[in-house]
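Visitor: Listed below, chain by chain, are the residues.
There are 2 protein chains.
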Amino acid sequence: MSDQPYVFQATCSAPVNIAWGKRDTSLILPTNSSLSVTLSQDHLRSLTSAAYITRKQLGTFPPDRLWLNGEEEEVKEGGRTARCLAEMRRLREQVEAANPSLQKIASYPIHIASENNFPTAAGLASSASGLSALVATLASLYALQDHGVSTSELSRIARQGSGSACRSMFGGYVAWEMGSQADGSDSVAVEVAPASHWPDLHALILVVSDKKKGTPSTAGMQRTVATSALLEHRIRDVVPARMERITRAIHARDFDAFARETMADSNQFHAVCLDTEPPIFYLNDVSRAVIQLVTELNRASVAAGKGCVAAYTYDAGPNAVLYVQEKDVAHVLDVVLRYFPQSAESFPDPFQLGVDPAGGKGALPEGFNEAVIPRHELGAVARVIHTMVGDGPRTLDSSTEGLLDGEGMPKRVKQ
Amino acid sequence: MSDQPYVFQATCSAPVNIAWGKRDTSLILPTNSSLSVTLSQDHLRSLTSAAYITRKQLGTFPPDRLWLNGEEEEVKEGGRTARCLAEMRRLREQVEAANPSLQKIASYPIHIASENNFPTAAGLASSASGLSALVATLASLYALQDHGVSTSELSRIARQGSGSACRSMFGGYVAWEMGSQADGSDSVAVEVAPASHWPDLHALILVVSDKKKGTPSTAGMQRTVATSALLEHRIRDVVPARMERITRAIHARDFDAFARETMADSNQFHAVCLDTEPPIFYLNDVSRAVIQLVTELNRASVAAGKGCVAAYTYDAGPNAVLYVQEKDVAHVLDVVLRYFPQSAESFPDPFQLGVDPAGGKGALPEGFNEAVIPRHELGAVARVIHTMVGDGPRTLDSSTEGLLDGEGMPKRVKQ
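From first to last, the protein sequence lines are chains S and A. Everything in the first sequence is counted per full-length UniProt numbering, starting at 1 for the first residue and increasing by one. Everything in the second sequence is counted per full-length UniProt numbering, starting at 1 for the first residue and increasing by one.
The set of hints was computed from the structure by calculation and includes no laboratory data. Treat the hints with caution; some may be incorrect.
Stated by the list, open to error - Pulled a few chain S residues facing chain A out of the computed Cβ check, cut under 7 angstroms:
| no. | residue |
| --- | --- |
| 1 | 68 |
| 2 | 270 |
| 3 | 281 |
Glycine included, each C-beta is placed from N, C-alpha and C at the ideal position.
So that you can see chain S by itself, here it is in the shape it has in the complex (with noise of 0.2 angstroms):
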């Protein structure tokens, strides 16, 4: 027997979501029901690793350590991190406990390393794909899913590190059912439909800088939000039906229905947000025009008697989420790329469709009016990720893609 550690490593990685409805939570109000869709991790994902590290002799206690994109980070009592970390220990304890020949690990520290595969720039919560990971990676080291522990316990877990992460327990279409406990213990995310169930819709988003922004004086939104005469009866009257159309849009693959229901969510969802006092403005004019070029393709395609071809919604920022169906896709991002250029960086076209970055080599439908919008310069949307639905976390060889060392120490560390 040597002196060195022994470590155990797990790997997972999990995926985005983009919502609906929650959205209004970020403003501190509950709602009924909120809806996702879980996006591929082929193109948008955390990736983790997490160890425990057995030593021969544990009179020191050296404390769990987490790396997030190579920099190490305290966990903090109480944080987020810590918090899954305890909630997974517990389990695992449990399972120990009913288990009598399995190895006593649930004690032994831990080290987690996390990377994101996009930027901070691109405007996507990583909160939601990394506590994801986090807790997808800690079952795996752990081995509770084994032992009967349920995605749905999981994912409950995961919402104690970051509320929008327990949607990013589950691949494809998810709702987040609020609950009625006070402890929050039946607030779990549910599969609506496997991605399979619609396979084929896509996801653009657009990253919209915000450079004029400056920095308004926050002065708080749950105060601010009190004052919206609005706000109460979207989330009492509006929301809840809506949520069910869209579930039903989702059940039936009625991308008409789903992308009306979209955009007048989203629509809703900044409306309010204006009704505020001081008003929360989110959306820019890069924003708004993306919204009218949208309006525009949608006018066309149902002018010629067919239904809606993208739909857009805005979370908490300037940047575009639009939905489209694979068939419609290169037609939409050749107009997309018209008014708001790319260089081949800023879209890399990780589909291989062959759309030029700079766009309009295509034909624009029938009706369609070019004076919608203007065309915009170069960098105006500063890159498309072009995505899809796509399946729930995944895990994966930590012998091939495992963050962490032998020693448990992370392979890459920032300079």
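Dock chain A against the given chain S, drawing on the hints supplied.
Guide: Only chain A this time, still in chain S's reference frame:
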């Protein structure tokens, strides 16, 4: 006797007005009440002369003629000028019938010349002041008020030319009650308080260009508004109580309450515009920056134990109207011009306050966050018009201010 026509001319000016609540009728939905402030004709006005023409031989029937800003326009049958003319002639006929000694002039052809002293680019609806000036001028020409016709009755006629014109028939603070009669006969404006009740209310109009807007395909506002769940709630549950609170604030000269209600109403109006399908955007990034600047000015003032120093309101466009009390106007202007600099031409300083058009000569208030928005370039706000609350239509001396010559023809014609 010569063959020369006899020309009798009257000349009036009328003001523009800025409204709350009533803006929603641009979305073709009636509200119970709306309020407005009439702005001073010293800075913004429509000037109108009208003449009736008597000829020895009336064998030919010369038509009514109209010149707007020096260009002749047809007096279209059923158009708003023709409607107002017909109503005013009807009143004159009644007066003539009741007073047999009066000259029978109601049937004589009329020549009208009208000019606005503000450019279309100012984004101010010229129809309110224009139709109000037309009605005031015809009332003067026909001596109707000498024969007991009330301003209220004239306001009812101006409304038939242009809804908002009924408000410009009064100075100061005005309410427009929608009335309950199907024919609109009880839909008239009434004075809430004269300008002299609260005479130190200044208005800064920030004219914002919207070059990037393109030509969106307006899909018919009526139809789109039918899709907003929030609009109905606003109209029914929010606006009536707010109009009462603004009226109370005007009566009490309570600027802080006035400002808060004004800004909340503007925000909510634009919120419901966004909540339509497809969404309607009037505010752009510059409008948004002005809102953030006013929010910060007020935050600093409230933090210093004082109330709001400025209130913004936006109609169906990106231009801001800021209300400021006289005591604060030099200070607020200095900060506004610091962030949205002007030239001597685009900010002529009509009150001779000595404020530098480039702004920023005075100190910022204690605790003001300088980074709230970036300092914009010259031209982001195209011009700043400084005016204040003012009186209703004025009857002027046609011999010095009349727009028609001795032949009843316009003195100034566009070449």
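Visitor: Next, verify each hint and record whether it holds.
Guide: Right, here's what the structure says about each hint:
Because the beta carbon of residue 68 of chain S sits about 28 angstroms from the nearest beta carbon in chain A, more than 7 angstroms, this interface hint is broken. With a cut of 7 angstroms, the hint placing residue 270 of chain S at the interface with chain A holds, because the nearest CB-to-CB distance is about 6 angstroms. A hinted interface residue such as residue 281 of chain S counts as satisfied when its beta carbon comes closer than 7 angstroms to some beta carbon of chain A; here the least separation is about 5 angstroms, so the hint holds.
Violation of the numbered hints given earlier is confined to hint 1; every other hint is satisfied by the structure.
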